[in-house]
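Visitor: Chains as they are written, first to last, in the numbering used here: chain P, 1 to 391; chain D, 1001 to 1366; chain W, 2001 to 2537.
Simulated from the structure, these hints should not be mistaken for laboratory data.
These numbers come from a predicted model, not from an experiment.
All residues carry an ideal CB built from backbone N, CA and C; glycine is no exception.
A few chain W residues that face chain D, going by a derived Cβ cut-off under 10 Å, partial list only:
| hint | residue |
| --- | --- |
| 1 | L2352 |
| 2 | L2455 |
| 3 | V2461 |
| 4 | E2464 |
| 5 | P2485 |
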Amino acid sequence: MKGKQGFVLILLIIIPVFISGCWDSIELNKLSIISGLGWDVDADTGQVTLTFQSIIPSETKGAAGSSGDGGQKRGNPLHTIQLDSSTGSSAYDALNRYSQHSSRRTFYQHTQLYILGRSAAEQGIYPFLDSIARNPINRPNVLMVVSEKKARDILSIQDGMESIQAMGMAAEIKLSAEYSQYPVVTYLEFAQRLLSETTAPLAPMVGIIEQAGPEGDSVKKTRINGTAVFKGDKMIGQLNEDESRGLLWAINKIKKGFLVIPGANLEIVTAKSKIIPELQDEKIKITIAIDEESNLLEYDGHREISSDLLQDLEKGQAREIERQVMAAVEKSQALNADVFGFGDTVHRKYKKEWPVLKARWEDIYPYIEVVVKVKTHVNEIGEINKALMRD
Amino acid sequence: MSLENGKISSFQLSVLIIGFIFGASVIIAPGQGAGHDAWMAIALGLTEGLLIAWIFTALARHFKGKTLVEINSLVYGKILGNFISVLFIWYLFHLGALVLNNYSRFLELELYPATPKTLTLILIMLVCASSVRRGIEVLARCSLILVTLTILMAIFDTLLVVPHMDLHNLLPILDIPIGKLLWTSHATAIFPFGDAVAFLMVLAFVNKPEKGRSAVFKGVLIAGLVLIGVAVRNAAVLGQMNPIYTYPTYITAQVIDVGDVLTRVEVLVAINLITMGFFKISVAYYGAVLGLAQVFNLRSYRPIILPIGILMVILALTNVSNTAEMFDFANNGYPIYTIPFQIAIPLITLLVAKLRKLPQIGGEQA
Amino acid sequence: MPGFLFKKLHFKKILNHEQKKSAGQYSSSVSLSQNLEENLRVLREALGSSSDVIIRDMKISSDSNIDAAVVYIDGLVDRALLNHDILRPLMFNLQLIKDNLSHNHKSLIDYIKSSVLTVGQITVVQDIDRVIARVLTGHTAILAEGATRALLIDAKGWETRRIEEPKNELSIRGSKESFTETLRTNTALLRRKIRDPRLTFESLQIGERSKTDVSIAYVQGITPDNLIEEIKQRLQRIDNDIILDVSYLEQFIEDSPSSLFPTVGSSERPDVVAARILESRAAILVDGSPMALTVPFLFIEGFQNPDDYYARPFFAALVRWVRLLGYLLSIYLPGIFVSLKTFHPELFPTQLLVSVAAAREGLPLPVVLEALLMLLLFEILREAGLRMPRSLGQAVSIVGALVIGQAAVSAGLVGAPMVIVIATTAIASFLVILFAEPGALYRFIMTLAGGLLGLFGIVLVSIEMLSHLASLRSLGVAYLSPVTPLNIRGLRDTFIRAPLWAMDSRPASLDSPNTRRQSSGQMPRPPKSSSQQGDTQ
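Kindly produce the complete structure, drawing on both the sequences and the hints.
Guide: Structural data, given as C-alpha cells:
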C-alpha cells in the first residue's frame, strides 16, 4: 500500500517526462520581447499597420560573456531596441504577418505602451481593443497613448536616458502623474470608460518636438501635450493643457503639481474633489466641489506676507481652478463627450430616473449646468516670511 | 465503517469546507451576473446556502456516523436506497468532472495554451487520486495549511490592490432587476455553497457528530464572507470591466503594481485555484468513490479510485466543449440541475425518516 | 514500483532467515554440566579456535584440588582488573581459607561470589548459552569442576574514544559534549542530565551475530506506556545479522520506509536527547553508535535546534523562520526559476526580465538542463568534499568555485543568474541538515517539474508532497502535528519559540500521561522596590 503511493508519485514525474514534450515551454533566448506596440490605420485603405518595438537583450548590460568588455556596448541606446512594422487587413492579420517573419517568438506580456496613431484613433479603435483583451497577452495596466502623428514615428524616437525607449516613455508618463497635468490612462481605465453608458474614454496625447541638440543639430523629442477625447471608440477631439488640468481637478486625479496664478506660483499639496449631481424638474445641475491645499513657492509681488495676502492668494487660486475646470466643461460640452463621468454620478444617485435620462443623455449633456465650488488653503509660505525687496 | 478509519475534528471539517467552497469559485467569480452587485447576490446566496446546509446537516444529525449511502439504504431499503445513492454519486462524480473542466480551461487560457487538456487533467486527477487514497484525514490535514495560505494570499492581493480600488464602482446598489438578482443569488447558493452537500459523505467521520452542523455553518459562512470580500474588491478595481472578464480575480491580481517591483503576482491566484480546486475535486471524488464502494459493499474503496478518476477525466473532456458553454451551464443550467441533489434528496430523505421514525429504531447507530 | 521491490526483498529476507535457522551454530540450549572438561569442550567448540579467546585453567581451593577455568576474550576485558580482582583472589586468597570446600561444590560458586571476588557486577548463570553470549560481550566467566553454575563478571575494558565536541550538530551556547561509541558512557551522559529515578534504560540485544546492545531510554510516567510497548515490539521483530549503527534500527522500525522524509529522529547531543525524553519521547541507544534515535519524530523537529532554546525567544523565532524559509528556498528556488524562465517570463518584472534575458543570450543548453547540470555538479562537489581526505578538501572547493562560478559563466556555458540561484540553493540546503536528503531529492523533482510543466507542475508536486507529509505518522503520531492537525498550544514551539517559562506543558500531540512540565506563571518579574531604588540614586 505504501508502495503504491510512491508509484503514483513516480507516475507523476515520469508521465510528463515522456509525453509532455513541453508544449508551452520556451527559452528566453528564443523570445522577442515587445516593449511597445503601435497601431496605425491607413485612412484610405483601412489597412492596419502594427509597429513593434522589441528589446534586444544581448545589447543591454549583463549579457553573458560580456564581462570581458565591461559593458562598453551599452553606451549607444539605439542598439537595444529594434523597430519593425507589418501591415495587414486586421490587427491579428498584421500580428501574424509580423510573427511569420521574425526569427523569434513574439512575447507581448511585457508591453509597456499601446500607442494609437491619431488617424487610427479617429477611425475607431474597437478592433484593436478587442483583439488585445480577448487574449491573455494583454495586461490591464498597459498605458494607452494617442500619438499626434503616426504611432511609428513616436516609437522610433530615441529620447531620454532609458535604453529601452518604450520603458522610458512609460516611466515618463507615470512620473507625469506627479505633476497632474495630463491624465495617465491604463488599458483597464480606458476600457472601463468605454464600457460605461455615458462616460467618454480619454488618453494622453504625445507629440514630437524638435530641439537644438548638443552639436547644433536638431533632436527630436516626445512630449505629452494634450488629452484625446473619445466618444465610443472614436477620437473626436482633444483637450489642451488648461482643459486637461481642469478635467483632472474635476475627476479627483490631482495628486501634486504646480498652480500658476498672476504674481505667484504654488505647489499643490492635496486636492480632493467631488461631483455632486442634483436633479430638479428634469433638469440636471452638477456641482463640482474642490478642496485644495497648497504651499507658496514663489511670490512676485511686494506685499507683506499677511493673512490678507494669503486670502488673496487663496481667492486667486480658486479663480484659476474654476477657470480651468470651466474650460474643460465647456470644451467637453462642445464635443458632447462626458469626460467627467457626470452620467455615472447621476446614475448612482438617481437610479430610478436614470433609464429615461440615459436615453436622452446626448441631448442633455451639452446643457447641463455646472457649478464649481473651490475651497483653497495656503499651508506654508516657505523659508522667508517677508518680501525680499522693499517697496 | 471499515472503509474509512480516519476521524476528523469539527475544526478540520470547517477548514475543509472552506477549501471546498473556494474550489472553483476562486476562478469562476460567483454572482458575476449581478455586475457590481455581485456581493449582494453572494450575500443572499449565502443565506440560501446556509439553508441548504441546514437541511443536509439535519439529515446527518439524524443519522450520526452514517454516510448518505448508508442513510439511504436504511430509509428506503436496499434497492430504492441504492438507486437514490447512485443518483447522488453521479452528482458528485459530475461535480468533480465539472471542476476538473473549469480547472483545465483556466490553465489553457491563462497559462498553458498549447499543452493538451488531457495531460493537465490526468495530472490533476492523479494528484487527487493519491490524496483520496490516503483518506479523508489527510485531505483535512492538507486543507488547514493550504486554506490558510490561500486566505493569506487573498489578503495580500487585496492589500496591494487597494490603491486601484474605487468604491464608487459599487454604486448604485441594487442596479439590476430584482428578478435577475434573485436568480443570480440562487445560482450562487447552488454554486459554490450548495455543493457542500457533498459533505454528506464526510460528515459521518467527524469525531464529535453533534458539532458537525456548526462546523458546516462556520465553514460556509467564512468562505461566503471571503467571497463577498473578493467580489467587492473585484468590482471596485475593475468597475465596468468586472462582468466582461472571464476570470476577474485573475485580472484584478494583474492590476497590482507596487513600484514596478511587486507586480505581476497574478500567479498567486493561479496557485490558489490549483490548490483549492484540488480540495473540491478531491472531496467530490472521495464521496463518489466511497459511496460507490458502500453501494457495492466493497471491502475497500481503493481499487476503484483510478477507474473512477479516469472516467471523471473523460467526462471532463467531453461534457462541455467551450468556455462560453461552461459559463452558460454554470449560470443557467446548473442552478436547476442540482436542485434534486442538493435540496430534494436530503429533504425528502429526512422527511421519510421522520415519518418512519427511523433513528429511534436504529439501535445499530452510535 | 517500490512496493513491488519491497515485496521481493521481503521474500528474500524470509528465505535467508530460514537458511540461517537451519544452519544454526550452537543450537544446544543446555545447562552446564558438572564436568568442567565437558563444559570447556562446548565452549571451545562454540567460540572456535580464535586466538583472542583465552581459557585459563587453574586449580583453586586450599589444597588446590579443584579444577577451575577463567574464560574471557582478550582485548575486551580490563586486564588490570582481571589480574588483581579475579585471578589473584581466586588463586591466592582462596588458598588461605581453611574451610574445606572441596566437597561442597555447590556452595563453592556462591562462596566465590560472596567472599572472594572484589569486583562489582557478578551474575550467576546456569546456561552455557548465556555464558557464551556474555563472554562475547566482554564478560569474564568462571567455571569450576563439579559446579553446574558459572559466574559471569563484568570486567569489561577496552579502548574507547573520549567524549568529544559534537561534530554535526553545533551549538554556540549549549554543552559541548556528544555521544560516544560506548553505550554505557552514553547512558551515563543521559543519566547525568536526568537524575530522575524513573529514568529507565531497558536493554535488549539485537543482531543475530553482532549481539549488539540496545537501550531504550525513557522516563516512566512521562513517556506513554503504549509507545514503549510499540517500540519494543518493533525492535524485537528485527532479525538481522549485524547492527552497526542506529540507522540500521531506524530503517527497521520507521513507519513509512518508502517516504523520502525520516520519521525517526536522531541526535548526537545528550542535551537534545534528554530534552526530547522529557518531552515524553523515547530514545534508542545502540552500542557502537555515537547517535541516539528519538521517537516519535515530528516534522517540526527538523527545524528546531538546541540553540533556539538557549537564545532569546525573539531571535529564536527569527531563526526558525529563516530555517523554514531557507529550506523552502532550497527545494523550490531552482524549480521556480526554471519555470519562470521557460513558461512564465511574463511574471518577471520587466527590468529583471531584460537582465535575465540578456544573461540568457547565446547559452547553448535549455534552462532545465542547465539547472539540472548545475545541481548535479553541486551534489558531486558536496559529496567529494565530504568523502575526500581532509587535506584535499581545500582543493575541491577551489576547483569547484572556479569551475562552477567563474569559468562556466565566462565561457558562456551557464548564465550568471543560474549560478546565483544554484549557489543560494546550495547554501540554503545546509540550514536544515536533518532534511537535507529529502530536500535534495525534492529539489531535483521540483526542477524537473518546473522545467516540464512550469508552475503548474511545481504546485502539483507540492500538493502531492504535502499530502504525503500529512499522511505520514511516526509511531502513531501525525507527522505534521502540531501544525496540522492543529494544536494551538503545541504551536508555542513551532513558528515561534515561546519563552521557556511559558512552555508549561509537554507537546500535546505526543499524548503524554503527564502533560504538565512546569508550573505556569513563572514569568520573571523583578521586585518593584529595586527598580525604584535605581531611579532615586
